[in-house]
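Which chain is which? The protein sequence lines are C and S, in order.
Numbered by the working numbering, the letters in the first sequence go through residues 1 to 621 in order.
Numbered by the working numbering, the letters in the second sequence go through residues 1 to 621 in order.
A few of these clues could be false.
Pairs involving identical chains hold if they fit within one copy or between any two copies, as the list cannot separate such chains.
Unchecked claim - The list that follows gives simulated cross-link-like pairs (lysine to any residue, SDA-like), each with its CA atoms no further than 25 Å apart:
#1 Lys596 / Arg607
#2 Lys596 / Asn493
#3 Lys596 / Asn582
#4 Lys468 / Glu485
#5 Lys371 / Met163
#6 Lys531 / Ile233
#7 Lys596 / Asp499
#8 Lys560 / Met1
#9 Lys596 / Thr550
#10 Lys531 / Ile186
#11 Lys443 / Met187
#12 Lys443 / Glu553
#13 Lys537 / Ile477
#14 Lys530 / Leu487
#15 Lys596 / Ala450
#16 Lys236 / Cys23
#17 Lys596 / Trp551
#18 Lys596 / Gly476
#19 Lys596 / Tyr105
#20 Lys225 / Ile160
#21 Lys596 / Arg153
#22 Lys537 / Val472
#23 Lys531 / Thr426
#24 Lys371 / Ile233
#25 Lys596 / Leu554
#26 Lys99 / Ala174
#27 Lys596 / Glu553
#28 Lys443 / Leu244
#29 Lys596 / Val552
Please keep in mind that the hints were generated in silico from the structure rather than gathered at the bench.
Keep in mind the model is a prediction, meaning the values are calculated, not measured.
Spelled out from the first residue to the last, the chains are:
Protein chains: 2
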Amino acid sequence: MGFIYLAGANLLLTTVASVLCVCFAPTAAGPGIPEIKAYLNGVDTPNMFGATTMIVKIIGSIGAVSAGLDLGKEGPLVHIGSCIASLLGQGGPDNHRIKWRWLRYFNNDRDRRDLITCGAASGVCAAFRAPVGGVLFALEEVATWWRSALLWRTFFSTAIVVMVLRTFIEICNAGGCGLFGKGGLIMFDVSTVTVTYHMMDIIPVVVIGIIGGVLGSLYNFFLHKILRLYNLINQKGKVHKLLLSLSVSLFTSACLYGLPFLVECTPCDSSLAESVCPTNEGSGNFKQFNCPDGHYNDLATLLLATNDDAVRNIFSTTTSAEYHPISLLIFFALYCILGLFTFGIAVPTGLFLPIILMGSAYGRMLGIAMKSYTNIDQGLFAVLGAASLMAGSMRMTVSLCVIFLELTNNLLLLPITMIVLLIAKTVGDSFNPSIYEIILHLKGLPFLDAHPEPWMRNLTVGELADAKLPVVTLRGIETVERIVEVLRNTTHNGFPVIDDGVVPPVGLAVGATEVHGLILRAHLVHVLKKKWFQREKRRTEEWEVREKFTWVELAEREGKIEEVAVTSEEMEMYVDLHPLTNTTPYTVMESMSVAKAMVLFRQLGLRHLLIVPKYEAAGVS
Amino acid sequence: MGFIYLAGANLLLTTVASVLCVCFAPTAAGPGIPEIKAYLNGVDTPNMFGATTMIVKIIGSIGAVSAGLDLGKEGPLVHIGSCIASLLGQGGPDNHRIKWRWLRYFNNDRDRRDLITCGAASGVCAAFRAPVGGVLFALEEVATWWRSALLWRTFFSTAIVVMVLRTFIEICNAGGCGLFGKGGLIMFDVSTVTVTYHMMDIIPVVVIGIIGGVLGSLYNFFLHKILRLYNLINQKGKVHKLLLSLSVSLFTSACLYGLPFLVECTPCDSSLAESVCPTNEGSGNFKQFNCPDGHYNDLATLLLATNDDAVRNIFSTTTSAEYHPISLLIFFALYCILGLFTFGIAVPTGLFLPIILMGSAYGRMLGIAMKSYTNIDQGLFAVLGAASLMAGSMRMTVSLCVIFLELTNNLLLLPITMIVLLIAKTVGDSFNPSIYEIILHLKGLPFLDAHPEPWMRNLTVGELADAKLPVVTLRGIETVERIVEVLRNTTHNGFPVIDDGVVPPVGLAVGATEVHGLILRAHLVHVLKKKWFQREKRRTEEWEVREKFTWVELAEREGKIEEVAVTSEEMEMYVDLHPLTNTTPYTVMESMSVAKAMVLFRQLGLRHLLIVPKYEAAGVS
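If we strip away everything but chain C, and leave its shape as in the complex, we get (with noise of 0.2 Å):
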């Protein structure tokens, strides 16, 4: 009877999750931090900050948490706090933005990425209480560009969250919020426990992050096979993606709900204050369940607990005798299982919790193996554990461990943590990227690493270009119906402007052509919409210019050649495409190693790269 309460109200809080992600927005589903990356390095995934997106996704992720499923809400609380910071940025939902005049500074592809990067970092703040952490995360892992002003802007955004969330907390605590009137800033707090460690500690301390890091870099092997697997499911439809998350929370539920009757009622320590052990309701460290009176069960209490308190009661420090290694190996192979199988399923899903869940679980297991040989705390252990899963799977440095020290507040822990990350990361770079980096492959999104690849310093980018589209070039005055057949069958996104006939400068023969420079698609959409055309072949002048655009306009983006309508009489007209040319595009030598070219292409942040060629470059001043 009580597991078909549990399993079905899981089902069905699963089922709607799943069905608002699969029906109304499929960007939702997953982390979205893979996504926020790949925007900040410049490819941006349809629907990933719309209002849609939002709701979906904090909806979803109530759901899929309450469901007990194993994910965590930290990952869509990154995406939630990017949406949210790319809505405030343009002024609301597509279809409603308020059109301040103000708002329009933000109307730029910098400022959209810094809101972005922001609304990351804010994210990570408000879901672990880790303000620094949220910073160095959004700075580590998620921005490509840094700089000094972007530090600084999300170090305030964090410190705003951390006064909102300070606010709740107090409010809270005054006991106005049921369930949520505990807690203070600090989530798993192990400040307690005076860490007292020596030179010889450093053996356990290496042996977690050379474990930790295999151990990461296994996850991810079979993270991806199993999202392979998914994808051809998926593919499927609708109706298996429903079926997969559904029969994923049903498992689940069995697990949760079998698997502590396998284990052995523990006599409780006496020691303990009565009122401690055992508990039935809320938060309590010692689960009685199916247990006779004074007697607790150690899986209960980790399986049969929301996956915060999971954390917190298998970080509990001083509380060696608390589980038994079977209860830890259990919990540890079942969350091995479900977090693999429940990471891919169409619901709003983070990696860090089932990571932190897997990795404290093997890290306890480690400290019982060891504990004759140091005094380290269980509990610490449990949390070295899971900062070296972390940094095997991950692959961060400085934000986890920032992120960990703001979790649990022991600042002596800080030197073994940071060999623990160190060790575990180099270990698990050996073997596989990361798994964001695994998961941008495999969702097909194109990411500019910051180092060339070894094969593009033996290529050049003349060569690199011919191999690839020709390039279209639109001349300084153009017809109408060039620029309209132009639009239409390519898929560019800029056309370098070419003017011809130019009187040459000495040395030149008469009819060279020189480089104007460089026109954007949505300009050339811009003056279509607008029909600024003109009867006669010649250039205009600025003031008419004017007249007709604005530099708001023009910083718009968007707009469709699908949406422009041109009569056959316009056609045949001219348009001077001067004025609305980037005179000046970075360029390079056609005999550039296409390595230098990147690196350049990467470090400014460039969408199009002009190529000339060597010979005409002749000159030097």
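Model the placement of chain S on the given structure of chain C, informed by the hints.
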């Protein structure tokens, strides 16, 4: 008698520090951080990272700190860290380098920059025992170019530093280090007091931030004035420099000894243990000085202690009645004066500790003034005051936040520290630039900011190049005479190489010239040194070059034209510059704005940028 001993010892120590700095290594004076910042930005100060500088800095810093001067060891430690990194990277001092093969891999600008960044991070880590703070300081304040790889490299260095620190602390806790026996990884621990604050406490926090920002920018303003005055004095010669240091030392000793006599003795708080109050030795919180038994002199507690102990005493929590406002006011005024006049003298000086001392005194005074209004502990007020003055003067945010977190080990203080830092930085930024920028400017070190100045938008690089010194070009096959002449008469480090009379492609007149690329001064000197001349004007084969030059030699950037002797017969011969030319330098068109070119220059960390005329950049692929 006591005064003569104190002043004599202090004068002696100052003399040692100052003589070393004045006679052996003038670059060792001051904090060294601005020069490191400039180096990482691309401007090398001569003799900055040499072995002499390092030794003088170590001994000088020990002397200056022991002399009781109002300066810190933090800046010097950062410089020492960078020196060690630089020396390790190049295999020892300039004239006794180890020539190991693998050391050659570090022999390039990028790795040298990375090493120096790691050294700076390790310095901060060693100074404050703040590993994460060190990483962030290096990234936020010191480094110009950030990369993910740099992040975890600095993190790795600070992890090693913290391990070494831990080991020493463990050895010392066993009692083998005399005075250094005490203290753990956290320098100014205030975690004993539980922080409780409410919505209304936001007002004192904002007040601290605003006043801190104003005071910080005032400090910057006056320091600028005094450093200009000192520059005038120091220009007069070595004796003047020495006398200046000695008079500051004498004044400091007089104040430290004399001022405690001005205040009244305070009876010890009977609620404290008998052994705590009063003491006269070691690092106690209550100094007896001239008082009867059972009484202590609160100003002597602050003045007659090492600077570290003074900070610890003024940060001490739950001792709200310990300091009289009058004593704090005297302390604050004294350290304002000392801080301003000590910084510019010719000894290794650090900025952090003087500012922390000033700030904590001001914070504690504010705490006393607001006692009736808030229940935040006065020790925490001192911490916040120190943070606000640091942010008001140095304008850092995230790194200061983490450094203060790691110094004080009070995570619950984090939200208000963040707000204080942000407010102080914002207020300070509205008055004047940060202290490091002021020092950079005073030292005449050019610094390339991330943001272009507004005037740069209205100027093209072509116009700028016309206004500057003419560029000297070389031909692809050049006479030795011309190369020697060019190297002797110019100070340029790179020369464009032009080929004339090439067979041009269609569309260009015969006789057009072609840019072959850019050759470095160092490579020209190599050619002259190796006498790689030929009698006839011909292009060389690849094997001829391979035979003569190895890549290790070409990576060496040293060698002066003055060391090269060329006979008059050789002067007539030719050199083929083609094989040693970088054929794909980064280029910009002459019509590009200086702002865009500067972004390119700085983002890619370039040293040379070719400007090509627009007309000839004709075709586009």
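Verification of the supplied hints:
In this homomeric assembly, Lys596 and Arg607 come within 25 Å of each other (Cα to Cα) both inside a single copy, at 16 Å, and across copies, at 15 Å. Taking CA atoms no more than 25 Å apart as the test, Lys596 paired with Asn493 passes in both settings, with 23 Å inside one copy and 21 Å between copies. With identical chains, the CA atoms of Lys596 and Asn582 are at most 25 Å apart both within one copy (23 Å) and between copies (12 Å). For a Cα distance limit of 25 Å, the shortest separation of Lys468 from Glu485 inside one copy, 20 Å, qualifies, whereas the shortest one across copies, 47 Å, does not.
For the homomeric pair Lys371 and Met163, the shortest alpha-carbon distance between copies (23 Å) is at most 25 Å, but the shortest distance inside one copy (41 Å) is not. For the homomeric pair Lys531 and Ile233, neither the shortest alpha-carbon distance inside one copy (49 Å) nor that between copies (71 Å) is at most 25 Å. Taking the closest pair of Cα atoms, Lys596 and Asp499 come within 25 Å of each other only across two copies (23 Å); inside a single copy the shortest separation is 28 Å, beyond that limit. In this assembly of identical chains, Lys560 and Met1 lie within 25 Å of each other by CA distance neither inside one copy nor across copies; the values are 58 Å within and 89 Å between.
For a Cα distance limit of 25 Å, the shortest separation of Lys596 from Thr550 across copies, 23 Å, qualifies, whereas the shortest one inside one copy, 37 Å, does not. With identical chains, the CA atoms of Lys531 and Ile186 are never at most 25 Å apart, being 60 Å at best within one copy and 70 Å at best between copies. Taking the closest pair of Cα atoms, Lys443 and Met187 never come within 25 Å of each other, the shortest separation being 33 Å inside a single copy and 48 Å across copies. Taking CA atoms no more than 25 Å apart as the test, Lys443 paired with Glu553 passes in neither setting, with 34 Å inside one copy and 46 Å between copies.
For a Cα distance limit of 25 Å, the shortest separation of Lys537 from Ile477 inside one copy, 7 Å, qualifies, whereas the shortest one across copies, 47 Å, does not. Proximity of Lys530 and Leu487 under a CA criterion of 25 Å is satisfied intra-copy only: 16 Å inside one chain copy versus 58 Å between copies. Proximity of Lys596 to Ala450 under the C-alpha cut-off of 25 Å is found in both arrangements, the shortest distances being 11 Å within a copy and 21 Å between copies. Taking CA atoms no more than 25 Å apart as the test, Lys236 paired with Cys23 passes inside one copy only; the shortest distance there is 14 Å, against 80 Å between copies.
In this assembly of identical chains, Lys596 and Trp551 lie within 25 Å of each other by CA distance solely across copies; the values are 19 Å between and 33 Å within a copy. Taking the shortest alpha-carbon separations for Lys596 and Gly476, only the inter-copy value of 23 Å comes in at or below 25 Å, while the best intra-copy value is 30 Å. In this assembly of identical chains, the alpha carbons of Lys596 and Tyr105 lie at most 25 Å apart only when taken from different copies (20 Å versus 33 Å within one copy). For the homomeric pair Lys225 and Ile160, neither the shortest alpha-carbon distance inside one copy (40 Å) nor that between copies (37 Å) is at most 25 Å.
Taking the shortest alpha-carbon separations for Lys596 and Arg153, only the inter-copy value of 24 Å comes in at or below 25 Å, while the best intra-copy value is 31 Å. For the homomeric pair Lys537 and Val472, the shortest alpha-carbon distance inside one copy (21 Å) is at most 25 Å, but the shortest distance between copies (43 Å) is not. For the homomeric pair Lys531 and Thr426, neither the shortest alpha-carbon distance inside one copy (59 Å) nor that between copies (47 Å) is at most 25 Å. With identical chains, the CA atoms of Lys371 and Ile233 are never at most 25 Å apart, being 45 Å at best within one copy and 66 Å at best between copies.
Taking the shortest alpha-carbon separations for Lys596 and Leu554, only the inter-copy value of 20 Å comes in at or below 25 Å, while the best intra-copy value is 31 Å. For the identical chains of this complex, Lys99 and Ala174 are neighbours neither inside a copy (41 Å) nor across copies (69 Å), given an alpha-carbon limit of 25 Å. In the homo-oligomer, the alpha carbons of Lys596 and Glu553 lie at most 25 Å apart only across protomers (23 Å), although the nearest pairing inside one protomer, at 35 Å, exceeds that limit. Within a single copy, Lys443 and Leu244 get their C-alpha atoms as close as 19 Å, which meets the 25 Å cut-off; across copies the closest is 67 Å, which misses it.
For the identical chains of this complex, Lys596 and Val552 are inter-copy neighbours only, at 21 Å across copies versus 35 Å inside a copy, given an alpha-carbon limit of 25 Å.
Of the numbered hints given earlier, the model fails hints 6, 8, 10, 11, 12, 20, 23, 24 and 26; all others are met.
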